[in-house]
Amino acid sequence: MAWRDMKRRFKQQFSEILEIPGEVMLDLPKIVLVGNLQVFLENHRGITEYTPELVRIAVGEGEIEIAGEGLQLRNILPEEMCVEGQIKSIVFLGGKL
Amino acid sequence: MTLFKIISLLTGYVTVIVHGSSPERLINMASTRGIWLWNIKWVSRESIMASIRLSGIRPLRHIARETGCRFSIEDRFGLPFFLSKMRRRKTMVAGAVLFLVLLYMLSSFIWFVDVTGNTTVKDAEVIEAARQAGLAVGALKWNIDVSRVEEAIQDNLSRVSWAGVNIKGTRAIVEIVEKKMPPEGVGQGPSNIVAVKDGLVKELLVLKGHPVVQEGQTVNTGQVLISGEIPPPEVNEESDDNQEEESGIEPPEGGQPSYVRAQGIVRARVWYDGYAEVPLVETGTRPTGNEVFRVCLEIGDKEIILWGPEKISFEQYNRQVDTKKLPTWRNINIPVEINTERYLEIKSFRIQRTPTQARDMALKKAIEDAKKKIPGSAQIVNRRVEPVEAGERKENVARVKVVIETLESIGTEKPFKP
Numbered sequence: 015m016a017w018r019d020m021k022r023r024f025k026q027q028f029s030e031i032l033e034i035p036g037e038v039m040l041d042l043p044k045i046v047l048v049g050n051l052q053v054f055l056e057n058h059r060g061i062t063e064y065t066p067e068l069v070r071i072a073v074g075e076g077e078i079e080i081a082g083e084g085l086q087l088r089n090i091l092p093e094e095m096c097v098e099g100q101i102k103s104i105v106f107l108g109g110k111l
Numbered sequence: 416m417t418l419f420k421i422i423s424l425l426t427g428y429v430t431v432i433v434h435g436s437s438p439e440r441l442i443n444m445a446s447t448r449g450i451w452l453w454n455i456k457w458v459s460r461e462s463i464m465a466s467i468r469l470s471g472i473r474p475l476r477h478i479a480r481e482t483g484c485r486f487s488i489e490d491r492f493g494l495p496f497f498l499s500k501m502r503r504r505k506t507m508v509a510g511a512v513l514f515l516v517l518l519y520m521l522s523s524f525i526w527f528v529d530v531t532g533n534t535t536v537k538d539a540e541v542i543e544a545a546r547q548a549g550l551a552v553g554a555l556k557w558n559i560d561v562s563r564v565e566e567a568i569q570d571n572l573s574r575v576s577w578a579g580v581n582i583k584g585t586r587a588i589v590e591i592v593e594k595k596m597p598p599e600g601v602g603q604g605p606s607n608i609v610a611v612k613d614g615l616v617k618e619l620l621v622l623k624g625h626p627v628v629q630e631g632q633t634v635n636t637g638q639v640l641i642s643g644e645i646p647p648p649e650v651n652e653e654s655d656d657n658q659e660e661e662s663g664i665e666p667p668e669g670g671q672p673s674y675v676r677a678q679g680i681v682r683a684r685v686w687y688d689g690y691a692e693v694p695l696v697e698t699g700t701r702p703t704g705n706e707v708f709r710v711c712l713e714i715g716d717k718e719i720i721l722w723g724p725e726k727i728s729f730e731q732y733n734r735q736v737d738t739k740k741l742p743t744w745r746n747i748n749i750p751v752e753i754n755t756e757r758y759l760e761i762k763s764f765r766i767q768r769t770p771t772q773a774r775d776m777a778l779k780k781a782i783e784d785a786k787k788k789i790p791g792s793a794q795i796v797n798r799r800v801e802p803v804e805a806g807e808r809k810e811n812v813a814r815v816k817v818v819i820e821t822l823e824s825i826g827t828e829k830p831f832k833p
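Keeping their order, the protein sequence lines are chains A and B. According to my numbering, the residues represented by the first sequence are 15 to 111, in order. According to my numbering, the residues represented by the second sequence are 416 to 833, in order.
Honestly, the hints are just simulated from the structure, not real lab data. A virtual CB, placed ideally from N, CA and C, is assigned to each residue, including glycine. Hints are supplied without guarantee of correctness; some may be wrong.
Stated by the list, open to error - Cross-link-like lysine-lysine pairs, in silico, DSS-like; alpha carbons within 30 Å at most: (1) B/K537 x A/K44; (2) B/K595 x B/K832; (3) B/K623 x B/K537; (4) B/K612 x B/K780; (5) B/K505 x B/K420; (6) B/K456 x A/K102; (7) B/K612 x A/K102; (8) B/K537 x B/K829; (9) B/K594 x B/K583; (10) B/K537 x B/K583; (11) B/K456 x A/K44; (12) B/K612 x B/K623.
Claimed, not checked - Simulated coverage check for chain B against chain A, where a stretch passes if three residues somewhere in it have a Cβ under 8 Å from a Cβ of chain A: (13) 438-445; (14) 448-456.
Only chain B is shown next, with the shape it has when bound in the complex (with noise of 0.2 Å):
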């Protein structure tokens, strides 16, 4: 039956209005002849409606004359009449037809090169590259040869290890892979090992280079604890063989000193503070995580809500305003926005804790506060808690000092001209 209606829509169709005493007798002949009618609707006494392929016209006229019948047009369908209709509009088709190659044309060209994945490279770098390969706004997306231009950046651009370029629609998006190169300067010259935190020096051992700090000295920031500068030897000393197994090099004749670059391990007690402070009486407010999204349009001064409910029902609540404005164009400013509204409901509280309750929950907190700063690599020896002070009055707030102790490695390499 579908068939039948596609079929009859691309040779066109067109509904008649039969008059005349009996038009049965032109229903039963058209159907005897092999002339298909569908869709006979009674209209009036001796007159009906139909449907009728285009090919069925010319019979079905016999057929009228034969029965005493007349019938009219009533309404075209199909592709033919379609076909007429559009050729008395050529203007229009015309229009539709740039449409689609325009959008064609133009959707053959990039239009957008996007860099993603680089730090240190710049992205005016890597566009460059890829529009010295053929890649650039403007280019035509056949021409293109995406891995001919992945090859040029890769070779072009010394830091970048990999480069992928993936063209989706009428966007190029470059995808950069860097190389991690190690910092400056280091592995060249000759270098110290400093001090990156205050710490007593619990062990020291010197690969090369000449310790200048000692086990149990206190050293600060930024000391100098290996040095790479290895004094001359002093001649008239004569364990000459000791002290050059001890730096590990060859000392150098006469006065000058020698640089190397100082390698050791200089581990150090390093204390960590930590302060906390819990009131016995806590007051304020906080998130139930019930929420509310509210879209708005904001024309001017005016607000129409798209979506969400028109009041909300929290007593209390964050807004939060997620806000999109039509780009300014030469100081036209189209005063149309749309707010994306968060509403987060909050509740205040009150806890009433006891001193003991508040103190524990100030140590824990003060830990915490401690471990933040510790690196991971540290190892906690010892932890201590330090009383504080409560002023004159007596307070309503328990307060806790911890002061945690690591045994961690504040060696780090630092270069240095000689």
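Just chain A, with the same shape it has in the complex (with noise of 0.2 Å):
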């Protein structure tokens, strides 16, 4: 097992005891769903890709792909940003979250 690995768990467990949430402990992207229309996501890293049909959003250690039609970028700031449009589907790409 790898060292990263070890650190990993031990942080996952090290929160879950103190039952602090995983988004500021481990630096996880919380993402949250108004039906299709909106998503709202924290603790980004910016975007690598936009098109109206796809928006990749790197997080973490990994990306976040959110598919849809006619989606816009109705918000950024350092920490949140909002998407809006018809989303059809939310894909967790590469690494480990």
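Grab the two chains, each in its own frame, and use the hints to assemble them into the complex.
Structure, rendered in structure tokens:
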């Protein structure tokens, strides 16, 4: 087992014991979906690709891919963003979250 | 979010179109450097549209240079742009300011003075009294001391017992309550008691004055019942004391009559007639209670229905029209009217009555007819139904005449000059 995995597992257990929310301790993205109309995303690392059909957002150690139609970036702040449009799927790509 | 938008409107924001090989990089850099971007839309490959605050334009230029993008401003929103636009249209701004100033100035004058509540006092008198106290058409609203005006009206007009001044916008409403004055001449000089109705005197109670009629006598309207003129006592009569008591005043010396204000109660029997006829077969129309409103605009000969149905669905109806027109001015008559039409549905009916039914109904109507004339204070003594002789041919009508006898006071005070 790699050293990195060990470290991560320890963090996870630590946060579970102390009941600290994962997005704070483990730097995980927090995603809120409003129907299929809006996605609120906290803890992002910027967008890597943007077209009306696909938005890829860098998070922690991977990427989130939002597919849909007529997607817009409603709002971008350093820590959070909001994607609007007709959302069809949200896919986690690469890395371990 | 709304707060962000309001602040953005105040500071001003623009929409920009970014061209470049990777606008995503520009978005990322902007967001990490704290430049707020919103409403990011995809325009075409390698170009996006975004909104940005005015303060973010300069930093965005640096970022664009670093990422190798170009951007152009598409549209401008917010207060700073509005102000600069207004700076170029000074006359319009001046007009708007002038409008507000004029509106304020004109609304600070009194334009109308209305007088309400007066019946005997003339409007002009009240307006004149108000004018002297400072309330007049054209007066400044702020300079009017309402309580002073009220007092002045009350003081200057003796027949006003209370005055209230209400200023509503540019309209001053003067409310007047008048004093109730006794009838002219009554209470000062001598007076008679005269009959107000024809009747048969039943009771006569003289408090002061000289009785002219006797109980059981028939009197006509206007006839003197108790005279205020007391004739001199007959000298040769012995019972001087007796008469003094009767008239209630001291008999004057010599042959001069004395004058008093006659007082007394005269109760008489009065007859009232009531007549009614009810046909055995009645036909006519009566409203059904259904109605339709219609508002029309009439321009010349053309009529435009503003509200209401195009066609009236009633078979028979009465039409009531309320017409509103623009006021005419110097022979200029604008042929535009607004008619508020009210259509009341009516229906014809036919009622067949038996002779007894008709007679009962006629009797009821006749009594009602007679009672309309009887004052409330009268006491009904007797009621008599009189036959009505029918014509030669057999009539389809029931006729009833009713005579109601009442006992009531028929005396009223009437001053006279000796």
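Comparing the hints with the structure gives:
no.: 1; hint: B/K537 x A/K44; in the structure: 83 Å, violated
no.: 2; hint: B/K595 x B/K832; in the structure: 25 Å, holds
no.: 3; hint: B/K623 x B/K537; in the structure: 39 Å, violated
no.: 4; hint: B/K612 x B/K780; in the structure: 24 Å, holds
no.: 5; hint: B/K505 x B/K420; in the structure: 28 Å, holds
no.: 6; hint: B/K456 x A/K102; in the structure: 18 Å, holds
no.: 7; hint: B/K612 x A/K102; in the structure: 100 Å, violated
no.: 8; hint: B/K537 x B/K829; in the structure: 27 Å, holds
no.: 9; hint: B/K594 x B/K583; in the structure: 26 Å, holds
no.: 10; hint: B/K537 x B/K583; in the structure: 22 Å, holds
no.: 11; hint: B/K456 x A/K44; in the structure: 23 Å, holds
no.: 12; hint: B/K612 x B/K623; in the structure: 21 Å, holds
no.: 13; hint: 438-445; in the structure: holds (count 5)
no.: 14; hint: 448-456; in the structure: holds (count 7)
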